[in-house]
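Chains as they are written, first to last, in numbering that gives the first Met the number 0: chain A, 0 to 397; chain B, 0 to 397.
No incorrect hints appear here.
A pair holds if it fits inside one copy or across any two, identical chains being indistinguishable in the list.
Cut-off 27 Å, straight-line C-alpha distance, at most; resulting in silico cross-link-like pairs (DSS-like, lysine-lysine):
| hint | residue 1 | residue 2 |
| --- | --- | --- |
| 1 | K224 | K81 |
| 2 | K377 | K350 |
| 3 | K143 | K6 |
| 4 | K377 | K347 |
| 5 | K377 | K318 |
| 6 | K318 | K224 |
| 7 | K200 | K6 |
| 8 | K335 | K318 |
| 9 | K6 | K168 |
| 10 | K143 | K200 |
| 11 | K6 | K266 |
| 12 | K61 | K377 |
| 13 | K335 | K377 |
| 14 | K335 | K350 |
Treat the hints as calculated values from the structure; they're not laboratory data. All values derive from a computational prediction rather than experimental measurement.
There are 2 protein chains.
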Amino acid sequence: MISELYKGMLSGKSVIRELNEYATDVSRALGEENIFDYSLGNPSVPVPQAFNDKVIELLKTKSSIEVHGYSPSLGIPSVKEKLAASLNRRFDMHYTADDLFMTSGAAGALAHAFRLVTQPGDEILTFAPYFPEYNPYVNLTGAKLRVVPANTADFQINFDAFEAMLGEKVQAVLINTPNNPSGAVYSAETLTQLAALLTRKEQEYGHEIWLISDEPYREIVFDGKQAPYVSHFYPRTISCYSFSKSLSLPGERIGYVAVNPDSGVSKLLATMCGQISRGIGHNCPSSVIQLAVADTCDLTADLSVYETNMNILYGELTKLGFEIVRPGGTFYMFPKSPEPDAAAFSRKAMKYGLVLVPSDSFGVPGYFRMAYCTDTQKVVRSLDAFGRLVREEYGGSL
Amino acid sequence: MISELYKGMLSGKSVIRELNEYATDVSRALGEENIFDYSLGNPSVPVPQAFNDKVIELLKTKSSIEVHGYSPSLGIPSVKEKLAASLNRRFDMHYTADDLFMTSGAAGALAHAFRLVTQPGDEILTFAPYFPEYNPYVNLTGAKLRVVPANTADFQINFDAFEAMLGEKVQAVLINTPNNPSGAVYSAETLTQLAALLTRKEQEYGHEIWLISDEPYREIVFDGKQAPYVSHFYPRTISCYSFSKSLSLPGERIGYVAVNPDSGVSKLLATMCGQISRGIGHNCPSSVIQLAVADTCDLTADLSVYETNMNILYGELTKLGFEIVRPGGTFYMFPKSPEPDAAAFSRKAMKYGLVLVPSDSFGVPGYFRMAYCTDTQKVVRSLDAFGRLVREEYGGSL
Chain A
0 MISELYKGML SGKSVIRELN EYATDVSRAL GEENIFDYSL GNPSVPVPQA FNDKVIELLK
60 TKSSIEVHGY SPSLGIPSVK EKLAASLNRR FDMHYTADDL FMTSGAAGAL AHAFRLVTQP
120 GDEILTFAPY FPEYNPYVNL TGAKLRVVPA NTADFQINFD AFEAMLGEKV QAVLINTPNN
180 PSGAVYSAET LTQLAALLTR KEQEYGHEIW LISDEPYREI VFDGKQAPYV SHFYPRTISC
240 YSFSKSLSLP GERIGYVAVN PDSGVSKLLA TMCGQISRGI GHNCPSSVIQ LAVADTCDLT
300 ADLSVYETNM NILYGELTKL GFEIVRPGGT FYMFPKSPEP DAAAFSRKAM KYGLVLVPSD
360 SFGVPGYFRM AYCTDTQKVV RSLDAFGRLV REEYGGSL
Chain B
0 MISELYKGML SGKSVIRELN EYATDVSRAL GEENIFDYSL GNPSVPVPQA FNDKVIELLK
60 TKSSIEVHGY SPSLGIPSVK EKLAASLNRR FDMHYTADDL FMTSGAAGAL AHAFRLVTQP
120 GDEILTFAPY FPEYNPYVNL TGAKLRVVPA NTADFQINFD AFEAMLGEKV QAVLINTPNN
180 PSGAVYSAET LTQLAALLTR KEQEYGHEIW LISDEPYREI VFDGKQAPYV SHFYPRTISC
240 YSFSKSLSLP GERIGYVAVN PDSGVSKLLA TMCGQISRGI GHNCPSSVIQ LAVADTCDLT
300 ADLSVYETNM NILYGELTKL GFEIVRPGGT FYMFPKSPEP DAAAFSRKAM KYGLVLVPSD
360 SFGVPGYFRM AYCTDTQKVV RSLDAFGRLV REEYGGSL
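Start from the sequences, fold in the hints, and give me the full structure.
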């Protein structure tokens, strides 16, 4: 019979989808050019030309079997060697090809990571604010996602709340730094404290606790900094990476699982990923895309527009009185809503053509998310709408 | 803790892998050129040039966002429109784009199909001989795969055994025509009888029984024929297709689910696939590959070599006394082993450089599978080895 589970999920309301429908109505009234859509996290800069050039070169110079033939289920070994070498060079790690497993983006990587270290009934903890898709990603494996309340002071970790929730049933902790939606980058201090707590609880409970690190925004860090590399802090780390943002090719669905060799079981876990794939129908990302990222993995798209946009928005919105934790990376920011009901605020903002996502689905009430992966001229043009919103709806000051 | 389920699967022995290891030893003795490897079902002909040309054109003429941007989770609408139109033209169907869901090959399609219409504990029936990967594909969903014994007369369906196993817990029946490993193509009579039995049992049990049709070999049919299109025979058919074999690009992982619109719920099921994806980390095949197959879906690679090879092998092996049901399609054949222990036969064949897969893992004892997706000259050179095998191991006649 038709699955009631998946049929039932269709009636779940998506805040972003509702917002987009409302935006369509508003855009009819205001005109397309006066709609400032900050709702969707789609990279807006082009892929590096070298990536396309590499694909074309492969198609023109290699045999069809080499480019389009079956790749091994764990990924193409020469590709994984290049990716491991790049990680080792950039993050002072010591991965081998056998510690990596090629996936269809970060979603594919997470689907494998959860199944590697949890059973149905186990708990996975994550931290608000968080990417709402983590709910179906985790809960459909049979494990249960529980969300630690936010540290709204700086969107680092609320350690008191975390320790209170870190019970014996927790088999894995899921982090996302740089973070969607807050833009926060976990500091070395945060990661050190996190690792110490996990280690202490492992000893207390007598079982391992794995750290699953969702890292698609790893290369989008501001102020010339680099995000602390999570595996440096904790041996039982499973990094889930996607090239979607760094190379600006989210449609190509390419990423990997990289298991920290210090765990002592990295090769076992990478190999187990191939077994998990058999049940979830994964069976490798595209071979030509694997081959092309192997040669371009040290490049990024021109990500500077995201920092430019962040600085403009952070500067002007704080001048208007918005409270914002300044993002350390990503292309998101997460300002406080001027009124406690973020959905009410979003509806008001829409009247001015501003499409802003209320924070409730990210696990924190009273904030809103802005995805500023958009044209800088449009960002500048939106500032007037923010000004009118504050003047006309909130009496000119927040 | 590390999953015992997936860890345990690593110790499962693969007959084909063992055979390949043995083959490596033998090839040291005989020399690489005297090894005739009929074990692996990898397409050996190149992709149509038009496919590569289309990829290059897309990369050179379209914007990065159009080619590499996020695609909708159900697949790119314009791609699905072209595929639906092609199916309608070729098979006299009436699909719309909304009846299709784009997947990472047939494995991805099957992973969605099983979850659409079964719950954990339900049974799915398939027919021996069958693709052994169906076991993990089905059983890891929580449903249970049960195998109907073969009709060895012609590798159509053993209806007596099928009806005996078609109990109330069966929610879906999985077929694969043209068939790996037998090469059999289900006749219109077989499909008519199958549909009639399913319809009768649906009424008897008061629930639907879905037909999941795994169709990657649909375009590899011999003697100028066309395989009867399964959806014509039964309204509740879910076709699972891959371009791996027809376009010879198994590494690109591209295929689709097509739900028969006569089921009355095709759009519902296609949309539900998007929900299933969220739990299994699927999230679309590559966008550039989707766009390229849309324009080349009416083409095939030059598949004629498979028929050439089949005719040579069928002719010469039957002359040597092998009993073979002549394949109607695919690039496999499934001769009877000259002795009941097919593994013992395979070991003897290996001494002559012939790598042949014993049939036990396909659910039938006493046969062997040959994948003849290989160079015709090598096929011809292998005939002498078959002759020596029969003379020296079986006294010259079978």
